[in-house]
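J.: The chain contents come next:
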Amino acid sequence: MDPLAELKQTFFQECEELLGALELRLQALDEGSTDPEDVNAAFRAIHSIKGGAGAFGCTELVAFAHVFEASLDHLRSGRVALEDAPFALFLRCSDAVADLVSAARNDEPARPRPDLLAALEQVGKAPGAAPAAAPPPPAAAPAPVAAPAPAADAPLGVAALGNLLAMVEAKTASPSNVDAGWGDEPAKPASTKPGRTIILRIAPESDLFRRVIEPRVVFASLPADDIVSIVCDLGQVPALETIDVSDCFMRFVVTMRTELSVEDICSRFDFTLATEEFQIEVVEDAAAAAPAPAATAGNAEVSGSVAADLSAILAKLGPASPSSEAAEAAPAAPVAVAAPVTAVVEAPAAKAAARAPANDAAAARQRTAVSVRVDLDRIDKLMNLVGEIVITQSMLVECVRSLPYDVYAKTAEGILTLSRQTRELQDHVMAVRAQPVKAVFQRMPRLVRELAQTLGKEVRLVLEGENTEVDKTIIEELADPLTHMIRNSMDHGLETPEDRIAAGKSPEGTIKLIAEHRAGRIVISVTDDGRGIGRDRLLAKARSRGLVGADEKLAPEEIDQLIFAAGLSTAEVISDVSGRGVGMDVVRRNVESLGGRISVDSEPGRGCKFTLALPLTLAVLEGMVIRCGADRYVIPIASVIETQHLASTPIEHLTFGQEVLRWRGEITPLHRLGAVMGSSGTRNENIIIIAETERGDNVGIAVDEIVGQQQVVVKSLEGNYGTVHGASAATILGDGLVALILDVDSMLRLAATGERPPATELKLAG
Amino acid sequence: MRILAIDDTKTLLSLLSLTLRNAGHEVAEAENGEDGLVKFDQFRPDLVITDLNMPLMDGIEFTRACRARPAGQNTPIIVLTTENGAEIKAEGRRAGASAWMVKPFEPNTLLGLVARYQN
Chain Y
1 MDPLAELKQT FFQECEELLG ALELRLQALD EGSTDPEDVN AAFRAIHSIK GGAGAFGCTE
61 LVAFAHVFEA SLDHLRSGRV ALEDAPFALF LRCSDAVADL VSAARNDEPA RPRPDLLAAL
121 EQVGKAPGAA PAAAPPPPAA APAPVAAPAP AADAPLGVAA LGNLLAMVEA KTASPSNVDA
181 GWGDEPAKPA STKPGRTIIL RIAPESDLFR RVIEPRVVFA SLPADDIVSI VCDLGQVPAL
241 ETIDVSDCFM RFVVTMRTEL SVEDICSRFD FTLATEEFQI EVVEDAAAAA PAPAATAGNA
301 EVSGSVAADL SAILAKLGPA SPSSEAAEAA PAAPVAVAAP VTAVVEAPAA KAAARAPAND
361 AAAARQRTAV SVRVDLDRID KLMNLVGEIV ITQSMLVECV RSLPYDVYAK TAEGILTLSR
421 QTRELQDHVM AVRAQPVKAV FQRMPRLVRE LAQTLGKEVR LVLEGENTEV DKTIIEELAD
481 PLTHMIRNSM DHGLETPEDR IAAGKSPEGT IKLIAEHRAG RIVISVTDDG RGIGRDRLLA
541 KARSRGLVGA DEKLAPEEID QLIFAAGLST AEVISDVSGR GVGMDVVRRN VESLGGRISV
601 DSEPGRGCKF TLALPLTLAV LEGMVIRCGA DRYVIPIASV IETQHLASTP IEHLTFGQEV
661 LRWRGEITPL HRLGAVMGSS GTRNENIIII AETERGDNVG IAVDEIVGQQ QVVVKSLEGN
721 YGTVHGASAA TILGDGLVAL ILDVDSMLRL AATGERPPAT ELKLAG
Chain F
1 MRILAIDDTK TLLSLLSLTL RNAGHEVAEA ENGEDGLVKF DQFRPDLVIT DLNMPLMDGI
61 EFTRACRARP AGQNTPIIVL TTENGAEIKA EGRRAGASAW MVKPFEPNTL LGLVARYQN
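As they're listed, the protein sequences go chains Y and F. Each residue of the first sequence is one higher than the one before, starting from 1 at the first, in the numbering used here. Each residue of the second sequence is one higher than the one before, starting from 1 at the first, in the numbering used here.
Hints were generated in silico from the structure; no laboratory data involved. Backbone N, C-alpha and C define an ideal beta-carbon position, used for all residues, glycine too. Among the hints, a few may not be true.
Unchecked claim - Just the calculated beta-carbon pair ranges, DEER-fashion:
1. Q279/Y - R2/F: 36 to 42 angstroms
2. A5/Y - R69/F: 37 to 43 angstroms
3. R21/F - L425/Y: 37 to 43 angstroms
4. E476/Y - R21/F: 35 to 41 angstroms
5. A103/Y - R21/F: 27 to 33 angstroms
6. R2/F - M395/Y: 51 to 57 angstroms
7. R69/F - E508/Y: 57 to 63 angstroms
8. R69/F - D380/Y: 54 to 60 angstroms
9. R69/F - E263/Y: 36 to 42 angstroms
10. R2/F - R420/Y: 51 to 57 angstroms
11. L376/Y - R69/F: 40 to 46 angstroms
12. E476/Y - R2/F: 39 to 45 angstroms
Stated by the list, open to error - Below, computed lysine-lysine pairings styled on BS3-like, alpha-carbon distance capped at 30 angstroms:
13. K10/F - K438/Y
14. K472/Y - K512/Y
15. K381/Y - K10/F
16. K472/Y - K10/F
17. K609/Y - K505/Y
18. K89/F - K125/Y
Could you put together the complete structure from these sequences and hints?
T.: In structure tokens:
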């Protein structure tokens, strides 16, 4: 990839983070925060987006961001009080910026937002009026308004930037010509050029050199061809004893023959010279302009070869250089006689001003967390390596057992320390991979805002536990299910404001998104205070689809679970938002494929709560190592409910050969793992493991022996080998042999179909 | 020329260095004013291009601090920023900035401005 494209990618990545920060800060402000850092951070975020967007030529984004930034600046400067600020508008604008960013990223045409721009322009103009002036929702603002080109909608942004660019371009058109213009070439006769004569009187403030601006840089702002003459007035130079070479005492009179407007000339001195530092006199009559203005005593007329000399002197003099060159140039002009000066010049005012921001900077330092951006790939490699160390360490333990006692004791001690350190290392690497769920939660407020608008509902989203950390791999998988769940709650769960009022509730519905750690898992719940699951309708639908028998009786909780059944949507109207019938069943499948679980609790009329439980990581797993014949397997501890001796368990046979056992009064099917998985060697089943399936059913699995319980590093089978029925992944045990990690549900399907996995081929030493 | 480029947006900073390096300049990068001062002392640039809004130490503070040290008195400082207000410009001027250029920058324009300080 060429470096520019690569940079562009990085920019878009940064944009994501900046957008997140922007939204978060705006939200905090919307909720009443008065921390100036929230305002500053929001401003900085949009400012950085704008800067980057400009560098990559994303004009629409720049134009929008510019106007947005300008309105945020009103907050920063205090022109608009925080309590008057239209944060709802700002939040919508931050959404619009996100759209523009993604449009730019995908090279798609951006949707113009004249409505938002117009509203933004109002911010600061009529304090307090801005929120009222908020435009209609985008869905209701159709094409006609959006017709003009985006650039035209943002005169502030594009036009202003364009002017400045033009200005700097003109300045730099051909720097080398500048010297030639008033050096080697004789000045062109004024009358031969079209235009009018302009006399510029330049009296720079004495700090010109301290800003490291040489006079020639000032003149370089003007087109060299237009300059007729430059006269230097040295009348202000003080006596030699009192002279400070770091001060500029020169005055200049520039005669120009030009077509440039006065405004144009002014704009060319923008920043270099303040408006008080120069005067422009327009002489319409070309004849009157030819002679240079009357020279006062001490003036030196600069033209022809003299000009070249003086320009050289000025160039050397300019930066108040204490070099010997300046001394060498001394005979050429009296000004240059000045002795070398090394004084440190600092205006007292500048000192005082420097002090105040220094405190801010110290405060900012405390707030800024030190962080490093690391490629996930590298952490994965690290994680893998840690996994290997764990394996090596358990191999060492096995080897050491055969050593004579005196050697063994010492070595064992070392190995014990090693194993503790390895465990710690593993924890730390896991912690590096862990990220707060904030990354996903952050996207939800926007979703809710947009949906609320589309659906015409009033919704308040409450986020809790955003800092709950979970492995990066899980974070990535969370977005889809959460989006689905929230859509579902907003579309089907929450009522319209009118319905809510009729039901005696506040018109504004609440959705709570809560993340927490529970029993080594991350549990995320989406709770709404809507109407709850319509059980009658759901059951009727399930019956009509044949999912539930016509006379089958279901408990209320069982009916609720039907929401996860495929192809069931009870929404009266299939809407854009959700209810395409690929809703919660897909969520459930995805969640379960991650080793997670989803459940629902509903209270009619009061609301509904979806709970999502996921493992904290997909990289390591706490497992029970079991043996069956000559093979060993790992069952995720999360699936194991209980273990018991086979001998003490009465087993019954059903007519079609299925073995069952009675566990806590319930008939539970029993499968012999060795038979299902096709284990090699002689089997001698002693133990029954009662495991739980994803649906919450129990099953007995007969195995030969429980070897132990340990944390295993999950190695993907699909990536390295191929799909193995009955197993979700593999791991390498302490002796270097591969063991399959069982997936209880998949194993049960295998038992039902009778397909055998090619388990024996897997026993390649790892 | 030896140029010190200061910007807290990494992408922009890289883009800036890329532009300058392609034009044959030697570039040192800094991520904020504070970092800029450290790099200034190490690198001794002929010219500095600095952003304005940065954490830790902004461009104005940097310019002041730079002008306050002997080595920094003769180095042109170009402020490259999206800001274009009269007040902030006046502040930049008081701090001792030599030139002001508004982002986004057109590579050739920037190089032209830089060339003007090249002797």
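J.: Please go over all the hints and tell whether each is borne out by the structure.
T.: Now for the hints, and whether the structure bears them out:
1. For Q279/Y and R2/F, the Cβ-Cβ distance of about 38 angstroms falls inside the hinted range of 36 to 42 angstroms, so the restraint holds.
2. Distance hint check: the CB atoms of A5/Y and R69/F are about 39 angstroms apart, consistent with the given range 37 to 43 angstroms.
3. Between R21/F and L425/Y the CB atoms are about 40 angstroms apart, so this pair conforms to the stated range of 37 to 43 angstroms.
4. Here the CB-CB span from E476/Y to R21/F is close to 36 angstroms, well matched to the stated 35 to 41 angstroms.
5. At about 31 angstroms, the beta-carbon gap between A103/Y and R21/F stays in the expected band of 27 to 33 angstroms.
6. A hinted range of 51 to 57 angstroms for the beta carbons of R2/F and M395/Y is consistent with their spacing of about 56 angstroms.
7. With their beta carbons about 58 angstroms apart, R69/F and E508/Y fall inside the hinted range of 57 to 63 angstroms.
8. Distance hint for R69/F and D380/Y: a CB-CB separation of about 46 angstroms, inconsistent with the stated range 54 to 60 angstroms.
9. Judged by the Cβ atoms, the range 36 to 42 angstroms given for R69/F and E263/Y holds: they are separated by roughly 38 angstroms.
10. Remark: the range hint 51 to 57 angstroms for R2/F to R420/Y is upheld by a beta-carbon distance near 52 angstroms.
11. The supplied range of 40 to 46 angstroms is met by L376/Y and R69/F, whose beta-carbon atoms lie about 42 angstroms from each other.
12. Remark: the range hint 39 to 45 angstroms for E476/Y to R2/F is upheld by a beta-carbon distance near 44 angstroms.
13. With a CA separation close to 23 angstroms, the supplied pair K10/F and K438/Y stays within the 30 angstroms bound.
14. In summary, the hint linking K472/Y to K512/Y is supported, as the alpha carbons are separated by about 23 angstroms, within the 30 angstroms threshold.
15. Only pairs whose Cα atoms come within 30 angstroms are accepted, and K381/Y paired with K10/F is accepted, the gap being roughly 26 angstroms.
16. Between K472/Y and K10/F the alpha-carbon distance is near 24 angstroms, which keeps this suggested pair within the 30 angstroms criterion.
17. Of the supplied pair hints, the one linking K609/Y and K505/Y holds, its CA atoms being roughly 18 angstroms apart against a limit of 30 angstroms.
18. Restraint check for K89/F and K125/Y: satisfied, since their Cα atoms lie roughly 23 angstroms apart, inside the 30 angstroms limit.
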